[in-house]
Amino acid sequence: MRKLFLIFLFFNQLYAELILEITQGTDDPYRVAILPFSGDTEMSEELESIIKNNLNRSGEFETFGEEELLSSPSSEEEIVFNDFKILNIDYLVMGSIAGGDVIYNVFDISKSSKIRTSTVFGIPNKLRQLAHYMSDGIYEEITGIKGVASTRLLYVTEEIFNKESSFKLIVADADGLNEQILLRSTEPIISPSWSPDSKKDRKS
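Each residue of the sequence shown is one higher than the last, beginning at 1 in the numbering used here.
Simulated from the structure, these hints should not be mistaken for laboratory data.
Ideal Cβ placement from N, Cα and C applies to all residues, glycine included.
One or more of the hints may lead you astray.
Said to hold, decoys possible - Below, a list of computed lysine-lysine pairs in the DSSO-like style, where the Cα atoms sit at most 27 Å apart:
#	residue 1	residue 2
1	85	126
2	163	126
3	163	111
Unchecked claim - Now the in silico label distances, taken between C-beta atoms and shown as ranges:
#	residue 1	residue 2	range
4	82	190	53 to 63 Å
5	85	160	50 to 60 Å
6	75	140	23 to 33 Å
7	151	86	33 to 43 Å
Using the sequences and the hints, build the whole thing.
Below you can see the structure in the form of structure tokens.
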């Protein structure tokens with residue numbers, strides 16, 4: 001089932017940007033190291049960036065990259081758990097990319113053991129979606145709560161130009177990016193919603 005948040009935003013400017021900002025998080029966040037995924041370097045860098053942003057945005061995580069660690073294992077056999085314990089890292093995420101699919105592993109540093117192995121199947125030109133699904137898997141494994149990175153925002157904007165209003169119904173990823181305009185109207189869009197099969201929007 002598609003998960004979706006519905007919000008309404010109204011702007012007085014011709015152009016505006018949706019900005020989502022977390023101003024406060026937990027006092028004791030989970031400390032998670034995320035290593036580059038083996039395989040396609042460009043894809044790995046983008047995945048790592050999106051996953052870090054998703055976890056950090058929740059306010060419950062503090063993430064660390066390769067350059068901040070004492071060691072950077074390229075396989076499970078090379079992990080020296082003490083290198084991460086020294087830095088008070090709670091969890092380690094690493095994996096590999098093959099043909100657009102990603103296998104990722106989550107390790108519990110305190111237990112010196114792997115607690116999750118998952119494969120996320122890639123969709124052409126949908127790298128952000130893949131990263132969001134991975135983020136939700138990591139989030140759920142660590143917190144025990146389903147993540148929301150793969151949910152979507154549905155919102156209405158109003159632009160006023162020369163005293164005339166123009167309304168847009170927009171859908172975006174949970175981080176406010178990947179915006180798509182679903183509908184333009186000169187009339188207010190009051191209560192948009194998804195159809196039962198989640199394949200098209202409805203408005204009133």
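(request) Sort out which numbered hints this structure fails and list those numbers smallest first. (result) Of the numbered hints given earlier, those the structure breaks are 1, 2 and 3, listed in rising order.
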